[in-house]
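Engineer: For what it's worth, the working numbering labels the leading residue of the sequence shown as 344, then goes sequentially.
Keep in mind that the hints were calculated from the coordinates and are not lab data.
Treat each hint with caution, since some may be false.
Cut-off 27 Å, straight-line C-alpha distance, at most; resulting in silico cross-link-like pairs (BS3-like, lysine-lysine) [stated by the list, open to error]:
{"#": "1", "residue 1": "Lys456", "residue 2": "Lys467"}
{"#": "2", "residue 1": "Lys382", "residue 2": "Lys467"}
{"#": "3", "residue 1": "Lys382", "residue 2": "Lys517"}
{"#": "4", "residue 1": "Lys356", "residue 2": "Lys517"}
{"#": "5", "residue 1": "Lys418", "residue 2": "Lys456"}
Using C-beta positions, here's what the derived DEER-type ranges look like [to be verified]:
{"#": "6", "residue 1": "Ser506", "residue 2": "Arg406", "range": "16 to 24 Å"}
{"#": "7", "residue 1": "Ala495", "residue 2": "Asn519", "range": "15 to 23 Å"}
{"#": "8", "residue 1": "Gly543", "residue 2": "Gly568", "range": "46 to 54 Å"}
{"#": "9", "residue 1": "Ala424", "residue 2": "Lys595", "range": "17 to 25 Å"}
{"#": "10", "residue 1": "Val549", "residue 2": "Gly580", "range": "23 to 31 Å"}
Cβ atoms here follow ideal geometry from the backbone N, Cα and C, with glycine treated the same way.
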Amino acid sequence: MSDIIDVSQACGKQARALADAGVQTIIRYYSRDTGIPEKRLSALEARAFAAEGLRIAVVHEARRGDTIGAFSAEKGALDAAYCIDYARNIIGQPSGSAIYFAVDFDASALELKMQIIPYFQSVKTALTAPGVGGYKIGVYGSGRTCQTIAHAGLANHTWLAQSTGWADHATYLKSNAWALRQLAATKLGEVRCDPDIANGPFGDFVLAVQPHAESAERIVIAREGLRMRAGPGVEHGVVRVLPLDARVHELKLVGDWAMIDINGDGAADGFVSRHYLR
344 MSDIIDVSQA
354 CGKQARALAD
364 AGVQTIIRYY
374 SRDTGIPEKR
384 LSALEARAFA
394 AEGLRIAVVH
404 EARRGDTIGA
414 FSAEKGALDA
424 AYCIDYARNI
434 IGQPSGSAIY
444 FAVDFDASAL
454 ELKMQIIPYF
464 QSVKTALTAP
474 GVGGYKIGVY
484 GSGRTCQTIA
494 HAGLANHTWL
504 AQSTGWADHA
514 TYLKSNAWAL
524 RQLAATKLGE
534 VRCDPDIANG
544 PFGDFVLAVQ
554 PHAESAERIV
564 IAREGLRMRA
574 GPGVEHGVVR
584 VLPLDARVHE
594 LKLVGDWAMI
604 DINGDGAADG
614 FVSRHYLR
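Please build the complete structure, drawing on both the sequences and the hints.
Structural biologist: Take a look at the structure:
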């Protein structure tokens, strides 16, 4: 079993079991518009990985990232802006690590030229702008996609998809130019995953375990209880419901959402609407 896996569902609760099984890096998703909230890496999940000594890598995939309609210059700019904000302000992804962008279908040469290259040009413009954070760019896709985007100077790392029937898979595999190679899906304990093989550095990172933070005590004032979510927004799943008058510690604000500690140990437990705290 490879020590690198990519996973499309939340697996923070299995972090210890995965580490015990020999996993060293977990690749998880960012997504600006996914219809499946648990596909998106949450801050709580990332910290669960960090607590078990697991490294993290990330890939952005649009809601319809397996179709050409997800790619254009405009959508590249939107996806890149989302990733920069999410990486810096929600996950705390360090400078110098990579954000991959998935092209999850067998793109033709024409599709690459007309829509996917403009998409990655926008991504590069955004991620290399001064003061952004110094993130490297990765591309996931077929051999043809990886070769085309890398040759155009639009990616620092390439990740070859497992689909051997996609264009130029064998040729790109043999070239040894890839940073990651995806293998056939499997199951590791309770976690469905794809094993991956690295070919040198590929932009994964260690998320620092957060020290106990100075926090302000707040009281829940929602009469029917307050939903604590895995991320700052209603698109994130509900972790639990906090009762009226529950005391929590506010660690930081993310827009209208408060990251809170419910145990007083300085670690983040979830996010709630700041308007229902006093």
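Engineer: With reference to the structure, classify each hint as holding or not holding.
Structural biologist: Structure-based check of each hint:
The suggested pairing of Lys456 with Lys467 holds, with an alpha-carbon distance near 16 Å, which does not exceed 27 Å. At roughly 24 Å between alpha-carbon atoms, Lys382 and Lys467 fall within 27 Å of each other, so this suggested pair holds. A hinted pair counts as satisfied when its Cα atoms are at most 27 Å apart, and Lys382 with Lys517 does not qualify at roughly 31 Å. In summary, the hint linking Lys356 to Lys517 is not supported, as the alpha carbons are separated by about 37 Å, beyond the 27 Å threshold.
Annotation: proposed proximity of Lys418 to Lys456 holds, straight-line Cα distance about 15 Å (limit 27 Å). Taken as a hint, the range 16 to 24 Å holds for the pair Ser506 and Arg406, whose Cβ atoms sit roughly 20 Å apart. Between Ala495 and Asn519 the beta carbons are some 20 Å apart, a value that agrees with the proposed interval 15 to 23 Å. Take Gly543 and Gly568: their Cβ atoms lie about 50 Å apart, and the range 46 to 54 Å holds.
Taking 17 to 25 Å as the suggested C-beta distance range, the pair Ala424 and Lys595 conforms, at roughly 21 Å. Distance hint check for Val549 and Gly580: the Cβ-Cβ separation is about 26 Å, which falls inside the suggested range of 23 to 31 Å.
When held up to the earlier numbered hints, the structure conflicts with 3 and 4 and fits the remainder.
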